[in-house]
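Student: Spelled out, the chains give:
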Amino acid sequence: MTTSFMILAVLTVAGTAAAMGLRNAVHCVLALALGFAGIAMLYLQLGAQFVGFTQILVYVGAVAILAVFAIMMTHNDKSMALPDSHSAWVAGCIVAVAVFAVLARAIVSSSASAQTQPPQPAATVQQIGNALMHRFVMPLEIMGLLLTAALIGAVVIAMDRREEMK
Amino acid sequence: MSTATLAAASLNLEPANESGMDQLLEIAMGPQHPSTHGVFRMNVVLDGERVVRLKPVFGYLHRNHEKIAENETYLGSMPYTDRLDYMCPLTNNWAYALAVEKLAGIQVPERAEYLRVITGELTRLQNHTCLIGFLMQDMGASGTPLMYAFRQREIILDLFEALTGARMMCNYMRFGGCRVDLPAGWLDQAKKVVAGFPRFLDEYESLLVSNEILMDRTQDVGVLSKELAISAGISGPMARASGVDYDIRKVDHYSIYDRFAFRVPLGSHGDVYDRFMIRLLEMRESVNILQQAMRDIPEGPIVDPKTKIRGFRPKPGEAYGRIEGPKGELGFYLVSDGSPNPYRYRVRPPSLINLTILEDLCLGRNVADIVVILGSIDIVMGEVDR
Amino acid sequence: MVGEGILKGLAETARNFFGSYVSKDRLTTVQYPEQREPQIEATRDFPFLVYDGADWQQGMRCVACQICEKECPPKCIFIEKSKDKKPDAFGKMQIYPATFNIDISVCMSCQICVEVCPFDAIKMDVEYHQSSDDRFGALLLNKQRLSKSNEYYNAIHPTEASAVDAQRAEELAKLEAKAKAAAEVKAAAEAKAAADANPALNASPQQPAGDPQ
Amino acid sequence: MNLEAIKSEIEANVPGCRLELIANPSPSGQHSLLLDAEHASAVALYLRDTPNLRFDFCSNITGIDWPGKEVSQKIKVRKLVDGVEQEVEETRITTIPGSLEVVYHLYSVEKKHGPIVLRMRTKDRDAGVHLPSFTPIWRSAELQEREIFDLFGVLFDGHPDLRRLLMWDEFQDYPMRRDYVDPDDYEYEPTAHDAVLQRARQHLSQANPVQPSEGEAR
Amino acid sequence: MTHLALMTQHLDQIFVLTSHWLLSYLPIALQPLCSAILSVAAIIIAFATLFALTTLLERKGLGRMQNRYGPNRVGPCGLFQPLADGVKSLTKEDIVPIRADRAVHFMAPVLLVAASFMGYAVLPIGRNMVMVDMNAGVLFFFAIGSLMELAVFMAGWSSRSKYSLLGAMRAIAQMISYEVPLVLASVVVLMQAGSLSTVAIVNMQATYSGIWPHWFVFTPWGFAGFALFMIAATAESNRSPFDLPEGESEIIAGYYTEYSGFKFALFFLGEYIGMFATSGMAITLFLGGWSAPFSFLTWIPSYFWFFAKLLTIISVFIWIRGTLPRLRMDQLMNLAWQFMLPMTLLNLLTTGIWHFMLPGFLRWIVCSTMVIVPCILLGSGLKYKKKFQIRTYHFSQ
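Chains as they are written, first to last, in our numbering: chain X, 1 to 166; chain G, 1 to 386; chain Y, 1 to 213; chain S, 1 to 218; chain H, 1 to 397.
The reader is advised that the hints may include incorrect statements.
Said to hold, decoys possible - Here are some chain G residues the structure puts well away from chain Y; computed CB gaps all over 10 Å:
id, residue
1, Pro183
2, Lys191
3, Leu228
4, Leu280
5, Thr307
Said to hold, decoys possible - To list a few chain H residues with every Cβ distance to chain X over 10 Å, as calculated:
id, residue
6, Ile28
7, Ala29
8, Ile45
9, Ala52
10, Arg68
11, Ser146
12, Tyr208
13, Ile353
14, Leu358
As the list claims (entries may be wrong) - Result set (DSS-like, lysine-lysine): computed pairs, CA atoms no more than 30 Å apart in a straight line:
id, chain 1, residue 1, chain 2, residue 2
15, G, Lys226, S, Lys111
16, Y, Lys70, G, Lys315
17, Y, Lys186, G, Lys308
18, G, Lys308, Y, Lys75
19, G, Lys306, Y, Lys70
20, G, Lys67, Y, Lys70
None of these hints come from the bench; they were simulated from the model.
C-beta atoms are modelled at their ideal positions from N, C-alpha and C, and glycine is treated no differently.
My request is simple: use the sequences and hints to build the entire structure.
Tutor: Below you can see the structure in the form of structure tokens.
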């Protein structure tokens, strides 16, 4: 538990908490982006450069922007109002505590916590690439195919709507 | 429905208030906008970046020029005509002088006619170069073509200054002729300028004409059909770009244009590129006319000696005189009741009437196209709002 | 081939870039306060009043006829006539402007006042350094600030001024000749009268006949 | 193109229309045809579409204001004055109603001839200022008719979008009419010898008794 | 080693040596931190100066292209013009629209500048002159680049102005679209170099056969990659002719319409710094980074070469800006998806073929054909679809 870890942890938690608590949806997304960035830096602190940078590239650069677009396309002033009812808050808190408890229990009881100093993983990009290209080449290709199909499908749907509008 | 629209709608930024249009974005382009060529405003309703509706709003520069002229003597309106289309004062002077000459039946001496043709065609040159510069500026060409145009315009304005005493507010024509004769050496200087002009046009063309981005931005943008052009009273290069074969210099045989051999370029698509090209080609023809005029200019008086400067009172009646201005048909309609002031003084502003079809040209196009289309129409707000 | 036109355009700007270092035609900028463009003779901006001789009040050509005031399209001239008279350049007694103001913030430099003036009294100046932060004091030119000598006029518009001077000299000569003739006639009459030994005692002083108009 | 011939041709082809040839005494010789409002559109369509005329280019549209004139006449009237019937001379003022006139200059792009000048007059200058719009026939009339509506107050029936063009929408009067009086409360530009300044100052002092501020008092 | 060689080597390493010398006076515990601060400060100073210089260069260059002098009043030859501009923007009133989201409105320019400066962490400016030699350096660079989109969105959204929003939407659409070809164009280098580390990539190129260096740009795929990378970089940094997001004549100033004073200057700074960073990356990937163009010029310090290359690229940017009109949004997108993307993908294939073919003349011919032919085909396809051409006109008699 170094100081830098503390700072990053606080940053991440604060970001995600703000993402839940803020009233303006765009602010929420911006706070979430901060949370993502914090997580990315935690990865970096653990020496996982590739994962960290990918986290920034994908989550901050793409997912946050996507979320912003989604908000802009769907929401209007009416849906902005948060549920004010007390019971919803209480229910939310209970669920959150329950999930936390389960996770905490799992972590505490796992063998990983027994290790005082985890060995520094020495995964270079090259190793990741090798792993993806040799051992995990099938899953990778399937994922790629799936995403391509989704992409083409999205384009087709968009084209259909364009023609409808004409 | 594009993202920008929806985003704007979600921001609740004063959406268009008509029913069914609340998903659209209404923006006011102007009166303070870099490419409205003055204080002009377009209320544009956008679907994404596509124009759904466009309503021009005029009058920011309105000073009731016509009313001022009705309280002014005939001569007193002459300097005010400079300020109509301040890019080309000499053609404004000419059109007004022509109308008054028709009203009062004044003959213009031959040398004065030559002077008018020379100054008028020089005006056309500088107007067209600047217009192309402005058009490129609207297209985002960071000022380079505009600067070249202005460099060339400066030379022509120097000629104007040497002749009329002012660069822009020339106040040069008089009823029955022109105010002053050519100063010594002016003609040689002008010949040099005109001789150098084709070289400038060559440079301009190699910079612009074959540029792919320019062609992509202008071809098939803002297409104006021949029928609509005639019906909407579109005149000048803009009409000719739509294939309307109508040049008042050829049709009305006014002044001495019959003596010069020149051709009238015609477009076949009626888009922005054609308007741009027609102006380039017209400049070449103007250079032709200028060379002939400066070769043939005779000696003689420059003003009809019978006309008086003071106490000019035409007999009751009316007259409509028009010329082929650089921007289109520039006409003056005058009604005289025998007093020193015109009873009714009307300017037919080509800029304003050419704007009639702005919405038709812009509908369904992009925001970026609006500015290009507006730029290709060639307006000067001094004339539009009068 | 795509890109050909773009390359042509790039070549053109490059040509202008280097051309601006070598060719004076391309780089026409005049560095204003240090360098000035040569004065073009026909240039005009605001009107001024011409006076002959050394004293601006004595030599003022303007006779406060108010034609320019009436003809001025934006009505920027304001004239008040004097109560008394003073001799003009031709020796005729004329009224003169007691006040002559031109509001150059209204003036549009159309020079119609110059064209309508029958006395060649108002001409166009070339002085363009008129900007000031005093809206009312500096831009309302009074008689004194408007008055400039004929030599100054000759310096700024030599061709025009020499033509005006020649015309005025001609008129003056004509007048003098007329006066001389009249004086001769008078002298002859006087001589005749003297010869008749009947001197005309109540001969009125000779006025120069004829208006320069 | 002989205007007389055109006139008789129109009269023959547009039944019921009343045309009047108005001579123009000036050397320009641009005589005009006065149309009646009911048949104006039919005449305009005829002029536009007839193959030998083809006036397809409506170049210029002008509004002219002809204010009513007051003519005073002295008439002798019998009247009871102090119980006695006497013949008294009285001035009676008769008003000749004015009208707003719209002038059209038509050209033909196809035949390259013209101009032919058409005019229309409103009944009076107050209520009967209706004239048919030519915008459906020539698009070029759109902005010009709006301008005439704006500055003269002629109402063009059938105009698709008759709003003020140059003045702002809330503006009340019609500035190009001869009897228009300048308002004296506009933003004046104070100049040294300006009547406007006087008027504005007067207006301001009437509107609020406190003296105008230093800048205005100049 | 001769005396001269030693001297040139010292000159080359002068900054590194100075830094080591300075740090040696500090306690060991503080050394890493101070080293980082020192290099960050050096980079900020160097590139902020370069920014100032570039604005001057740009205005002067544009001026000369447009037949005028450009700024020449402040200081000798207008050298202090950037300084005057800086003072001006500092002293200007900072206007925030009344409906604006103040916090986000403030954070947007800060984030933009911060993100654009972070990219320099992995750029080798000279031999041994790189802040952090990460083994995923290139990835880091692009990850940081994606932060700029967020900043742009924040600026456009928080201003609550329609023009800002339109500009932001244009900018984001453009940046996302061109990020794909940008990354794909650089992948060819990674394939060839087999590393994501910028230092390794440069070191690979800093070798010579004869006098010629082994820059990647001197191969068919490298040249195509470089051209594609530069086009995408122009679009990424919103330079003319891809300056639609701030298309002055259309949407005033795009997403920073509602910014004024120093915040406006920050946007300006961020944009230029971003442009230098992308150009620096192009140099690193394709133009051999800090390596000299000829083997006999290696005695000139390495950082000089880096900045010389950077200035050359900037000059080309300026030149293009002075010449070309702006594209339209749909044309921009068409270029990205119909030309850039297929070309980058084909280039990947070409690189693969290059890798597996034996060195020789045949390899050159095959790979050049693989690059040139699709380029012409796609280009004329774009042209054909739009049917634009130089027209001829007739005259009425």
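Student: Hint by hint, which ones does this structure get wrong, listed from lowest number up?
Tutor: 1, 11 and 17
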